[in-house]
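Protein chains: 2
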Amino acid sequence: MVTKLKRFLIGRPMKSHQLAEEKLSKLKALAVLSSDALSSVAYGTEQILLVLITLGAAALWYSIPISIAVLGLLTILVLSYRQTIYAYPSGGGAYIVAKDNLGISTGLVAGGSLLVDYILTVAVSASAGTDAITSAIPILHDHRVAIAILMILALTLLNLRGITESASILMIPVYLFVVAVFILIIGGGYQWATGHVQQAIPSTYGTAVHGITLFILLKAFSSGCSALTGVEAVSNAIPNFKTPAERNAAKTLMMMGVILGTMFIGISLLAYAYGIAPKANETVVSQIASATFGRGIVYYFIQTVTAAILFLAANTAFAAFPLLAFMLAKDRFMPNMFTVRGDRLGFSNGIIVLAILSAILIIVSGGDTENLIPLYAIGVFVPFTLSQAGMMKRWITKKPTGWIVPFTINTIGMLTTLTISLIFLVTKFSQVWLIFIFLPTVIMIFKKINQHYRDLADELRIDIATEKPAPKGSVIVIPVAGITQVVRNSISYAQSLTDDVVAVYVGFDDESIKKMQRKWEEWNPGVRLIVLRSHYRSIVRPLMKFIDTVEWKTAATDHVTVLVPQFITKSRWHNLLHNQTSLLLRAYLFARQDVKIATVPYRLKK
Amino acid sequence: MVTKLKRFLIGRPMKSHQLAEEKLSKLKALAVLSSDALSSVAYGTEQILLVLITLGAAALWYSIPISIAVLGLLTILVLSYRQTIYAYPSGGGAYIVAKDNLGISTGLVAGGSLLVDYILTVAVSASAGTDAITSAIPILHDHRVAIAILMILALTLLNLRGITESASILMIPVYLFVVAVFILIIGGGYQWATGHVQQAIPSTYGTAVHGITLFILLKAFSSGCSALTGVEAVSNAIPNFKTPAERNAAKTLMMMGVILGTMFIGISLLAYAYGIAPKANETVVSQIASATFGRGIVYYFIQTVTAAILFLAANTAFAAFPLLAFMLAKDRFMPNMFTVRGDRLGFSNGIIVLAILSAILIIVSGGDTENLIPLYAIGVFVPFTLSQAGMMKRWITKKPTGWIVPFTINTIGMLTTLTISLIFLVTKFSQVWLIFIFLPTVIMIFKKINQHYRDLADELRIDIATEKPAPKGSVIVIPVAGITQVVRNSISYAQSLTDDVVAVYVGFDDESIKKMQRKWEEWNPGVRLIVLRSHYRSIVRPLMKFIDTVEWKTAATDHVTVLVPQFITKSRWHNLLHNQTSLLLRAYLFARQDVKIATVPYRLKK
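Residue numbers (the working numbering), protein chains in the order written: chain A, -2 to 603; chain B, -2 to 603.
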């Protein structure tokens, strides 16, 4: 039943060598890895305008130089990550680059920051997608949390099916969104060029505005930079690309940079040209679209695919989180289970853990995740900075021919992303202070896990030359409750292994004890019977005491094995009809004793 | 932690021989066993009046002859159950008497009916108690279900502490209630005798009333009979009495009968004398009390203890259900776990199961259990009837000297309770039809369980004379993942038991397989290494296949044992850091194979 349901939902298991077939072409990779970055176009310009409007409509023209600055930063990031891809062809996320060049602790800061960030991405995107749905269908408003969780569930199943399948499905909305935005930019540009647009608000370019300060400009710039989250996804995911992986990844990154940059600056220019100011109940994109095309079919097409892409931004995290978790687990900073590929060759555990943690975040916040956005942005820019710093160190150390140019690119990138991180910290401290709790906690967990694995390796390491197996004697203890086929079966088995077998009976009163002793003598199975008396009607406690004694007496020379019979019933409900003494006994023995436990199944025929 | 909490809530474990100390004196038994019956006084008269008032106030005088008829039935029931107590000194509930005289199926009808009934009792009483609380404190009205469940939880803990302790606590409200009702009857009688009462409604005794029919009189009578539920509790619980158990039980029953009868007829007479008609928002008892004493301290005392006793009625079920379940389990109609005495010598499993089922009933019905009351009444009168019929059969079969008198008593009792059952069926079919689903279901479950236990006994039975243990050879299979101390430990252990040991390694690719083979040769532990290749990254599946093959080849001559190492970590969270392959392997092996599983603990030091 469970197996069938699983097959239906995620498909048949795949062989390991099919991994190569699961690799992504450039077009598919762009769909899977860029939805987070591209979706930022839907709100990037608006974030800038929201800061500027506080100084009045006249200040809105600043959005143009700020957008150009963001575009510059995007260029630097893309170029710099392109360098990283070639330098780390087996996957060069911020974690790897920082670890490799700046030491493991710095790597963990970058890695931990990104992990937390991916969880935030999923929670924020699913909530944003839900808001889009509930705005359209207000009756669903009371079920926001349930809808967001259903969305996460859908993405989880899609990703468990494997990356190529999810890529095939995701390509459609991602490319439709790109088409929609270009239709908007071209249509809007045409309308403006042909003079069909009446500027709603006068905001002459270059006019000095009263009250403008560096602080506000920086705040607007840093808000605009939230459009750049998701750019690092490609460099993390190089192993998912078809060979030549690094070249394909680099090309995909460039494609993404060009598309993202064009869409972002296009929207910003249109917003300025149309004199659009941010409104509480209508997005900037919606305003441009309705001004350009009216509220017709084109408008609704643009709005629908925008909602879709906002929701799909979460999918970037579903591609990136399991890979990062895999890398951290390979370095023994996360549990081993994140290194295991599932039935469909994805890192299923990473996918499932991401889904659970983001669902918890949604439940805890009641689906109201807006306050998490700044946290999410700083969680991206910290690893950006560390990654660039790592690359700088690398150029200085290796000094390959012509290293000055890439070093300069990385230095500019590092300084810019560092500045943005600091601006975030200063301008939005009330919303990002949680990072100072999250990050140290995550890093402490990483280190604890690593310590445990290292201790374990030390403990388990063996000197092949000298340490060989050394057999000892063996005592087998069989708890018996009467004389039945089960007991006969157990004794037969024990006698096959050793001559030193002892049966133990726990009685509650003299009568039953005497009866058992008499019957045992009569049966005479060739095994000594030890009788214990229980005052508290517990079978397990006197048994444990007896086993303690046996162990204490013989542990030096013998292995002590306790033989526990286990009924295997035909129907599951029959299990309810048996005192689960054997389960209890096993649990106790595991917890306290160093004895071995042999479970002898007794399969009931009826 | 858990142990400490348990000790705090239910007290220290008690030795088996302390069972005698847990026996009940007559006064305590009355408190534990009569709360259900006595609490009926609070609503019995009212039930009669509610039927009569449909014909107008003039019909209310019929409550007197009807009450006398109920009193007559009470006398018959008490006398008849007194006979049962002496006939079945080890506990003669309806189940035992019916089973013993009328066959096992009839016994199961009686037993099943009572079991369902006890669950209803708890649900109905807890809801009634909750209603009393929320009437006083309306702000709690939205939390009715939670309050009712808290009440059940309190009763559960009280009963898990043991019956003498719960009796000591329960004596107070039960006896306060008796005192309160007698104060009411004496005070009310005095007021009436001294002529201080003005009759509110004229209802002259003996006046013919238009529209009166036998149907209505019977309906009123059967409603009044709901006051008799709980009378059978004493005869079920004889084993809980101090010796001489049957004499003490008989005396307790008589005491209960006298108190119940006096209180019931007293309330009925007062209600008539005061000309009280039932009101929607005030109980009959409350009307009498306020007419007699005004709304002063005496009035509130009476109301408070009435609410308390209504709630405590549930406790009778907590005493009776586990005992009945024990008897059914002893006869193998219910799971064995109901025969086990807990730490405090009560049948804890019965107590807990009753609590859970009644809590579910409350949750399902949303705390609105009024509709269950008729179901609950018929669930009592069916076993009443069967019990009496059983006694009749007994007298006829045994014919002891002077059997005619007790036979007559039982015959009258049987005919009366049968009639009442039929009246319930006819007059309240819409509310009691569920019994035709519940009862057959419960009986079918009983029979299924019995069948399983009988099959099991057949299967496990052994011929002591001829069937002796017969040792065979032994093969031990050790799954290995590398060469570590764990593997060395496992091989040492296996070699202590047999010479036929084989290690199995599951590899995912050629490289790791070759490396393992080379290293194994170098180590040379004296055990052959078998190498399997897994295409689906599953370790368990290839292993299972291999074990299948080994079993198929050797099962006739050898026991096959799979040796599974189990890490015992120092901190519980460390368990998360290990692939739980051994758990998974064990689960698979249990489900499908007849191999033995030896778990070798490896205790990690750090």
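Just so you know, these hints were derived from the structure itself, not from any lab.
Virtual Cβ for every residue (Gly too), placed ideally from N, Cα, C.
Treat the hints loosely; a few may be bogus.
[Unchecked claim] To give an idea of the interface, some chain B residues facing chain A are shown, with a C-beta separation under 7 Å as derived from the structure:
(1) S362
(2) I409
(3) Q482
[Claimed, not checked] Counterexamples of contact, computed for chain A against chain B with all Cβ distances above 12 Å:
(4) S22
(5) L24
(6) I130
(7) L155
(8) V361
(9) I420
(10) S427
(11) G479
(12) V524
(13) M541
(14) W570
(15) L586
(16) V592
Hint check against the structure, violated hint numbers in rising order | Violated: hints 1, 2, 11, 12, 14, 15 and 16.
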